[in-house]
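Visitor: Protein sequence lines, in the order shown, are assigned to chains A and B. Per the numbering used here, residue 1 is the first one in the first sequence, and the count goes up by one each step. Per the numbering used here, residue 1 is the first one in the second sequence, and the count goes up by one each step.
Calculated pairs, DMTMM-like style, for lysine to aspartate or glutamate (alpha carbon to alpha carbon, straight line, at most 25 Å): (1) K6(A) / E138(B); (2) K156(A) / E116(B); (3) K156(A) / D126(B); (4) K23(A) / E40(B); (5) K156(A) / D52(A); (6) K151(A) / E103(B); (7) K156(B) / E116(A); (8) K76(B) / E27(A); (9) K156(B) / E50(A).
Chain A stretches covered by chain B per the calculated footprint, using a threshold of three residues with CB under 8 Å from any CB of chain B: (10) 20-27; (11) 138-145; (12) 157-165.
Since the hints were derived computationally from the structure, they do not count as laboratory data. Cβ coordinates follow ideal geometry from the N, Cα and C atoms, glycine included.
Protein chains: 2
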Amino acid sequence: MNLDEKTLTAEYIYKGKILNLRKDKVELPNGREAVREIIEHSGGSAVYCEMDGKVLMVKQFRYPYKKQILEIPAGKLNPGENPETTAIRELEEEGGVRTKTVELIQTVYPSTGYTEEIIYIYRAKDVVKTKTHLDLDEFLDSVWIDKQTLKEMVRKGEINDAKTLIALLSEL
Amino acid sequence: MNLDEKTLTAEYIYKGKILNLRKDKVELPNGREAVREIIEHSGGSAVYCEMDGKVLMVKQFRYPYKKQILEIPAGKLNPGENPETTAIRELEEEGGVRTKTVELIQTVYPSTGYTEEIIYIYRAKDVVKTKTHLDLDEFLDSVWIDKQTLKEMVRKGEINDAKTLIALLSEL
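Just chain A, with the same shape it has in the complex (with noise of 0.2 Å):
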């Protein structure tokens, strides 16, 4: 079956900081048409890394949800940047700890109806701690923890976050 959409206009309907707004008409497979709200996004990279039986994870204030959320490090990509980069900078920005490889372990869509986000997902290799330094206006805290807990904090549902799912149940 022809399953796939024509565009026939695109409209910005916002330009912002960390997201854009596009609403287009399309052409449906039946020659109907109907409207994409579709959000833009320059995507990110997150990182899985152990040392020690231990974990690295992030827990920040997630404003859509109005709560703290546990996740492993990750940051959205800089213009043009590649998203080992990224992760990279990311690990040692928020983390505290810096290496030089990392390895990818998945390639998300994290939602696939309305946004264009890609978020890449690597495992750190060869790692060294040193120390973090956020940005003036971020702010998080870094906390290492056992493979065990978080395999329990996974069954228990208390793991939300799709990327931080998704490293832990590949890796743990």
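Following the hints, position chain B against chain A.
Guide: This is chain B only, laid out in the frame that chain A set:
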């Protein structure tokens, strides 16, 4: 460390069909102000459904990525709808499978930086094959894929949808 952010003002930029865009001004833990761009979304349910060693998948054109993507059956919550009801409905509409019972696998936040969406991932129990009945403007193919093939696809990075990865990594 205090990590929380306090809402100062909230303004709607756009109210649409599947999402709204809000721009909030917040007070950071250090007293400074920042802007948060937030997508409001009704949330969704997804269903892992296994029968005779095969898993029910759907293939559809996902406009943000401009290509066909393989996912587990899923759909948006109607306003006020119980996520279990959504899961049972979508399983029959998209997948042609009837069930009375679903069990929660995980509750997922797809992208914690900017969307309020919550995705509930269920496992279908005691399933019976019936018929798909898609909406007039809905185009997708349902397909049963054996577990070993899916495991290989996950390993090779051929499954990219977040909810689908989480379901397959949990259940296979």
